[in-house]
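Visitor: Protein sequences, first through last, are from chains B and R. Using our numbering, read the first sequence as starting at 1 and increasing by one per residue. Using our numbering, read the second sequence as starting at 1 and increasing by one per residue.
To be clear, the hints were calculated from the coordinates, so they are not data collected in a lab. Every value quoted in this text rests on a predicted model; they were computed, and no experiment measured them. Wrong hints could be hidden among the right ones.
Said to hold, decoys possible - Only pairs whose alpha carbons sit at most 25 Å apart, straight line, appear in this in silico DSS-like list of lysine-lysine: (1) K308(R) / K404(R); (2) K216(R) / K121(B); (3) K356(R) / K121(B); (4) K498(R) / K484(R).
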Amino acid sequence: MKRALFILSLITLTIGACAPAPNIGAITPPYIDPGVDPESWAVIPAGEFPHGQHDHMTTVDYDYEMMVTDVTNEQYARFLNEAITDGTVHVGEVDVEAGEQAWMVEGAYGSYPGDPFDGYKHEEEIKAGDKLYVPTQAEGLRLTEAAGVFSSIPEYANHPMTMVTWFGANSYCNYYGWRLPSEIEWEKAARGTEFASGYGYPFPWGEHIERNNANYYSSSDLFEKMYGKLGNTTPVGFFNGKTYDGYETLDSASPYGLYDMAGNVWQWTGDDYPDQHYRYMRGGSFFTYEVDLRVWKNNSAGPQYFSPAVGFRCAR
Amino acid sequence: MQAFSRRLDYLFRSTRGLTLVAIATVSIITAIFGTLSGPMVEWGIRDITVNGLGMDLLEAEREGRIIMLYHTIAMTILAIEVYFMTEILPMKRHEQVIINGTITVGYLTAVIFGLLFSYWGHNFTYHGLFLVGQSLVFFAGILLMVALSPWKKEYRLEKDSPYAHTKGGVDMERMAFFVMAIAALISASFGAVTGSFWSNGHETFLGEDLIRVAHKTLLQKAIIGHLHIMLTLVAVGITLIVGHWMKFKGILHKIAMPTMVLGIIGTTFGALSVVWLEWAHNIIYVGSTFIMLAALFYVIYTWDALIKEGTAGIKKPNFFQKMGALLKDPLKFGPGWQMVFMNFTVSGVGIFLAIKLEEIFRVWPHREERITLTGHWHILAALIATIILMYFADLSGLKGKVRKWFGWLLIIMSDIAFASATIFSMKRLFVDETNQQGIVNTLMLLMDLGLGIILIVLAIFLIWRLYDLFQERGYWFKEFSTEKKLSAEAEIIEQKLKLEELNAILKEVSK
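Please construct the entire structure, taking both the sequences and the accompanying hints into account.
Guide: As structure tokens, then:
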């Protein structure tokens, strides 16, 4: 009897866990205005800052600007429409290559001049040609497309643009005469020059992280109530000190006033390092634990990679 | 007072007692520091631990803390394996006492001060004492190596011995233990020297964070080699120990032991030569194939022996009777099974990913690759822990239903947890990020369930051993008495031999 009870409890627990979990493509969140202008830019002055986990003092010897928030779905849809009109971007099937492998994907694409290829161990050649920007048939895309015209899903208009490849992010910035930030530029913008307890800031707002500082895995934010602990993106600049539907956020801007530099979505950076094809991302996401939100942590993937947890912002 | 000192005597002067203390130490470390990550963070347990124990955790020091934690656990596991070795392998009583005493002081010093340094503020006195502790463990390793020397006359085997030996009678199993001890000493030095020389120990990093760094520094390569080989050697150690326990012998033993010796040498050289050889991985593949072959021979032998023993009274046993015999005793079936299971959850995953490198790792984000990497070695380490527990539970005299429940829960729950962790690490093959929540929830639950039940089983076992210590003539008393009796008998034989030796000298001198 006891054995049967034990086995029954095991089965119940397992079946319970297997119950359909909400998927992030199936539920539409309410529209929330975060109150931070996604069109704004912040100036990061020249100077040295503590770089990396071990605070190597590094100098960026020029002023530069970075977007205060990630590029939103609405902004990206606007770019696609403008670029389709002037023939820079096309919609249709395009080859996606990874080493010797290649497969066709339906989506928005444009040309890319290719990367220098060093032929180093494990490096894959990124050849010149048409590259996928966003897959139009993939689940998780917050844009809709009809007859070559893109629109953002209204409730997601001010959420960060996701499901975008490095090519798509790079193309957006270049189209407007900007660029993706380098990893060093990104990190300086995220942590500034201050020290606490003998170390450079590990998080954009300072030394410690609270659950309502950022959108990360199991942070119990407003959207995790809808989607489960894996959550979903939050609107850009959501963690600005306001209270939404009873959920109180902390103002989590970086020392230069940038939002979402920790959590929400990983952000593509611009570096193409020698001897490898990977592109690097910073900031962590709603899919990752808080350790990945520390400003020196990075992630990498091939430039053809896209994900509901990866977005970008530009620098100039 | 006398009762207390007798218990202390048992815990710190008998091999079984020392092993019990070390297992309890690892359990306490796991119970406390396991609350600082994963689901425990989500459930708010970490905050309780951190605040309750007054820990001082800075974000930039996380990797350093984890490295110290791994080292304290590793020191304790090494001590447990050394206790097992000094108990089962013939050596002089004073060698056993010195080795066990040195390693006990060493690992306890390393554990206490290593954890104080990393979790309760950077007092460098603690760090110094952590290094003293590790040095003592290393010194105990040197003593063990000397004691294990297989060429000593008294440890040679007869020509017709069923155990692997050379023509001159050198015991090849002892040789495998000896080579493993030397390899561990070399590999430990390798980690210590490179860590101190190139980074002065301050700029910490985790191996899994470096995997995509195209040009790794010599330090980075050295540390990656060190951590891989140390875990491999711990696995080799427990394989040899359970082989001895299961009385592994005969033709398979005669093939397995030289194979194991070659495997240890090859894999150790391969792992360390990662620093200077581009093709070091090929050496590792060859070396580890030898080690895995030796383990396979162990599994074939022991399973066959279990079947033969369990069907001894049956003339022509059918398949089900054979299976019944094989599965009758989970503690004896378990170690071999866990080694087979390891091939699905650790080695198999590694080989599969190597074959699918272009499609997987060159496209997947680094984070997914990191999950697979950390997953596979956590699983290997935990599988080793379950084998140690099975062996120690047998030594502790578990019998009847308790033995079966303990053994089967350990096997089934660990396998559920590790299979789930393996599927979790490979999930991107069959589910995309948008649709992963359901499978992630299920797998996380199964992992937590499996590991949770193992920890409960272990806690019950340790509580029983603690309760037993309060008994006047509990199991501890029997263990202690048996060990004292065996030690006394061994001592008498040693003394007799010594007496004969001295008499012979006197005779020679008086001529």
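Visitor: Indicate, hint by hint, whether the structure satisfies it.
Guide: We went through each hint and held it up to the structure:
A threshold of 25 Å between alpha carbons decides the hint, and for K308(R) with K404(R) the separation of about 20 Å falls inside it, so the pair holds. For the hint pairing K216(R) with K121(B), the CA-to-CA distance comes to about 12 Å; that is within 25 Å, so the pair holds. At most 25 Å may separate the alpha-carbon atoms for a hinted pair to count; K356(R) and K121(B) meet this at roughly 16 Å. A threshold of 25 Å between alpha carbons decides the hint, and for K498(R) with K484(R) the separation of about 20 Å falls inside it, so the pair holds.
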